[in-house]
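Colleague: Here is what each chain is made of, one letter per residue.
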Amino acid sequence: MWLQKQILLKPRTRGFHLISSEILRELPELKNISTGLMHIFIQHTSASLTINENADPTVREDFENHFNRAVPENHPSYRHRDEGPDDLPAHIKTSLLGNSLNIPVTSGRLNLGTWQGVYLCEHRNHGGSRRIVVTIQGE
Amino acid sequence: MWLQKQILLKPRTRGFHLISSEILRELPELKNISTGLMHIFIQHTSASLTINENADPTVREDFENHFNRAVPENHPSYRHRDEGPDDLPAHIKTSLLGNSLNIPVTSGRLNLGTWQGVYLCEHRNHGGSRRIVVTIQGE
Amino acid sequence: MWLQKQILLKPRTRGFHLISSEILRELPELKNISTGLMHIFIQHTSASLTINENADPTVREDFENHFNRAVPENHPSYRHRDEGPDDLPAHIKTSLLGNSLNIPVTSGRLNLGTWQGVYLCEHRNHGGSRRIVVTIQGE
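Protein chains in written order, with numbering that gives the first Met the number 0: chain Z, 0 to 138; chain U, 0 to 138; chain V, 0 to 138.
Watch out, some of these pointers could steer you wrong.
List time: in silico DSS-like cross-link candidates among lysine-lysine, alpha-carbon distance up to 27 Å [what the hints assert, rightly or not]:
#1 V:Lys92 / V:Lys4
#2 V:Lys30 / V:Lys9
#3 Z:Lys30 / Z:Lys92
#4 Z:Lys4 / V:Lys92
#5 V:Lys92 / U:Lys30
#6 Z:Lys4 / Z:Lys92
#7 Z:Lys30 / U:Lys4
#8 Z:Lys9 / Z:Lys30
#9 U:Lys30 / U:Lys4
#10 V:Lys92 / V:Lys9
#11 Z:Lys4 / Z:Lys30
#12 Z:Lys92 / V:Lys92
Since the hints were made in silico from the structure, they are not lab data.
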């Protein structure tokens, strides 16, 4: 069984955001899959997806601060500058974190660990709505 | 054909560890897949999975040293500190390296390159046993 | 439906290179898949794959400069030195960026965003031809 759906996420501020429930709300069909995989793909090059701690919001603030230090804005070596100081760092962060996730599906549910949640990593100051493509396969 | 199995890895010290053979030992069914994919997912947010060099152990020591420099403990900006100085860096390293792998299966075997092995990246000082979910699909 | 193919990429210089069209040229069967996924796996530990901006070539130059700063050659802590100063950094960059991609297939085409392209990230000075394994599944 295959199911594929495009979802438009609501716009978010720059930073790391839990989106598990926003995605699952659009996928009632998941409950029909006893064994499978769910693939989530973001169709952008300045926002990314990762899985991390779903409880304490300071983790997500620390992520934003870490990645801003690791990939600074306005580094003198950057040549791609036309779209603002947040643009090239957003591309690099996207490749560091990745633009797709693959999560096991078991008995109609995502088989995540207790503390795992799906993050949208919004690397632009004004990224707007982000498009994701979810592909579910299984039996 | 779908196969899904939860595997409890034996506890390991902080660092990078080859686990290909420990995983394959639990998956004798792999030999029945002529063409497919094997997905390995770790259900934690402070340990990760990657594929890298399977020969010289100094590569794995250099990885541990590199990631400790790139994501230092006790950075003054960290706000998530309740679970010890190794905790927040472990979350960041996990998202940098990723928590799942997808490997082609060909003629009943993982179709890895000659020098590729699966690493468990244990980012905590005392991480204990780690749970992974392996999903194999193919024909 | 499953399709698996090994592709030998032409050798490239150290740096980040768009390879979407070189891969798609080898996969005319893709047009027969209405809903599915394409998995691309590189069988090496010193070159990686990522998805990023497919237009301005300065993005790819900035990537090369960023990753050279983030993972320097000849760091005094490195122990794995036998294969040249570009070797251990190449291993680390490969794990940071990742060695496989999973892309949704919709109506016979890769369902990438407008600005997304597939990059080969060649981290060695003389990497030679790189082998990838493409696995397409769908209906």
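Colleague: Hint by hint, say whether it matches the structure.
Modeller: Status of each hint after checking the structure:
no., hint, verdict
1, V:Lys92 / V:Lys4, "26 Å, holds"
2, V:Lys30 / V:Lys9, "24 Å, holds"
3, Z:Lys30 / Z:Lys92, "33 Å, violated"
4, Z:Lys4 / V:Lys92, "33 Å, violated"
5, V:Lys92 / U:Lys30, "32 Å, violated"
6, Z:Lys4 / Z:Lys92, "26 Å, holds"
7, Z:Lys30 / U:Lys4, "19 Å, holds"
8, Z:Lys9 / Z:Lys30, "24 Å, holds"
9, U:Lys30 / U:Lys4, "15 Å, holds"
10, V:Lys92 / V:Lys9, "21 Å, holds"
11, Z:Lys4 / Z:Lys30, "15 Å, holds"
12, Z:Lys92 / V:Lys92, "13 Å, holds"
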